[in-house]
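Participant: Protein chains in written order, with the numbering used here: chain L, 1 to 340; chain A, 1 to 383.
Hints in this document: simulated from the structure, not taken from any laboratory. Every residue, glycine too, gets a C-beta built ideally from N, C-alpha and C. Mixed in with the good hints, there may be bad ones.
Keeping only pairs whose Cα atoms sit at most 30 Å apart, straight-line, the calculated DSS-like set for lysine-lysine is [unchecked claim]: (1) K202(A) <-> K316(L); (2) K337(L) <-> K334(A); (3) K58(L) <-> K71(L); (4) K90(A) <-> K179(L); (5) K76(A) <-> K316(L); (6) K76(A) <-> K27(A); (7) K135(A) <-> K157(A).
Examples of chain L residues lying across from chain A (beta carbon under 10 Å, computed) [to be verified]: (8) E57; (9) N91; (10) R93; (11) E97; (12) T98; (13) H114; (14) Q309; (15) T317; (16) I324; (17) R328; (18) E330.
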Amino acid sequence: MDSDEDKMKEVNSMEREDSPPAKRKRKPKEEIVFEKNISSIGNKQRRKAQWLKLKREKKKEKRKRQDERKKEREELGDEAPPKLVPKTLDNMREYDETTVGGKTGEEEDEEVEHDIENDEFSEYFSRSYEPKVLVTSADNPHSRTISFVKELTRIIPNAEPRWRKNSSIKKMTKEAIQKGYTDIVIINEDNRSPNGLVLCHLPDGPTASFRLSNVRVTKDLRKDYHRITAHRPEVIMNQFTTRLGQGVARMLAALFHYEPQFTGKRVVTFHNQRDYIFFRHHKYDIKTTKKVRLNELGPRFTLKLRSLQKGVFDSKTGDYEWIISDKRHEMETSRKKFFL
Amino acid sequence: MVGEEKDFNVFVSSENGIVKGVSVNKKCNISKNFDKLTSLTKTSGYTCLGVIDKDQHEILVANRVPEVKEFSIKDKCFKTPFAVEENEAKSSLVGVTKYNGSYVTVAQNGRVDIWKKDERVTFNAIDVEANSHGKLAKKDQEWKNEEEKEKHAESLKIGRKLCRMRRSLDPETSDLIALGGQEVDLQVWNLAKPQEPVFRAKNVRSDSLEMRVPVWISDIAFLDQSNVAICSKYGHIRKYDISGSQRRPVRDLVWEEKGENMVCTAMCTINENQVIVGTSTGKLGLWDFRKNEGYRGLIRKYKGCVGAVRDISFSNGYFGVVGLDRFLRIYTIKDDKPKFNVYLKSKLSGVTLLPGFEPDQEPETEKDEGVIIEDENEDDIEV
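Generate coordinates for the entire structure from the input sequences, incorporating the hints supplied.
Facilitator: Structure representation (structure tokens):
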């Protein structure tokens, strides 16, 4: 037993003699450590230190690659290979069959065009009437919802605010049709702030239900609402590609007057990205063809389509053209699939 | 590719007035419009698609004018449209079929017309329904004058409309049609004897709160010679025995999810015990009427359909679903995902799968034999 211990000591001392001093010995061991081994280190502090080291290494390598590519590009000039584009969810989006314009975006399909031109909004787009909008809220609204309703009536030309006072939506639609309204906007409230928007086109148009989030009124944005003039705004719809998206875009556009007053330089934008519709309201100032200044005016909010129902509001017996409320697991099959 | 020579195995009618023939195959799906886009107006939308018999040589479609158009599947063209004359307020057609060569149209206001060459036989299903309610049902009711009676009859008709008419495809009972609608319970009529219905259903007993159960039939299906199934917008799926004396349903099932009843809008028979039911939110379910005999009622659900289901058609182990989401989806009974999805660009209102539907067959590419025979004939003539 003693001999064994002695032997071990000898072995150790021999190792120590042959190898370089203790400090240098540790370095190669740490450098060779692979990613798999980092996660198997039990000690959190040591594991964190290893991970930070690995991260620094990776960053160095990436920087090296980027510099090489930059050098290549400068040397070759025009002949350089094109810049690499990173993969994003928007780039890698699953192609939807119902996309208007096909894969290239330019394919013309007679039937799809005919379907779009003759939907429930054909009368609006043929300029036969001026939209008259009724904006209301859920019963007993709190201060944030009230200010949002007032903001909406300022942005939308020919809009009227009314308080709900416990009336049902079905009765509201009947009376509104009689009084000549063409659209109803209902802001739903939860926990003292607006969280839902129901847009109902009259007399027999579709009803869309949205989830409303990130509502910032002019006061929150530190803007003065007196800067919002009564000029009719221009409306911009961005990135509504599928058939469903086009239908929703037409619905939102039908709230505003068909002929904008360009002297007012007001612009309202609905930008769709990954099924979220972002609303922005700006005043633009064109100085030269290259310099355009945008000043944000009014509220900001984000919409997400929950359901599109054919016909006037009838949640119990109506037919839905698109609904995701109850079927998220069924419909959201991949991170790269979007519906609008 | 020679489009005209292809065999279409599905025909679809759309809400803006186009009849489409679709050839569903493993390789590719081809669809062809049989109506011109330029000739469409607001009244050209097809409200229903009717089938005459099991063999399906023709299909009938009705539009909002209202007109009935007959489409021949062999010739792949329409015959001259038949305009439905109506002196009173026009109501859209809910069902259309052909009986002994004359058209039979069913309108939303209850009128059923058999347009024979010389005469026109009519009866009103809603009248029959209204006559069984209120004071009109009492045999010894005394009326001051005819006006009062008519007023009462009119007031009983408010809120009632027909929603669907289906024809029995069984060759032995092919004279039977079944009607139903909002507050119009199931009526089965024999077209040979249009004086009174063969069967008139009775509403189920009041529910646990002693309240009358409302009726809104959205689709009807003949299960076999003596059984008829209905689905309603209040989630009821019921089976009636029309040969028996019991007027109440033999089986009464409810499609309930998370406390709410699903709004069922379309239905189709698979066999004498099973049906496929579609809802207004795009859900599809296989229902078996042998519940509590070892079956669950709702056996399986099918995924994939997004919008409200308008019509379902079954043939040869496959069923096709058509709805407001502009897609035709073909499913097999065993798989919950559709086998084929065909984008058809317009909202769809009716579908029929031709008998012997087999999408795995190779499509015919050329008819070489025909060409050769012609050449031979020409040679003979020249000689």
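Participant: For each hint given before, does the structure comply? Return the numbers of the non-compliant ones in rising order.
Facilitator: 5, 8, 9, 10 and 17
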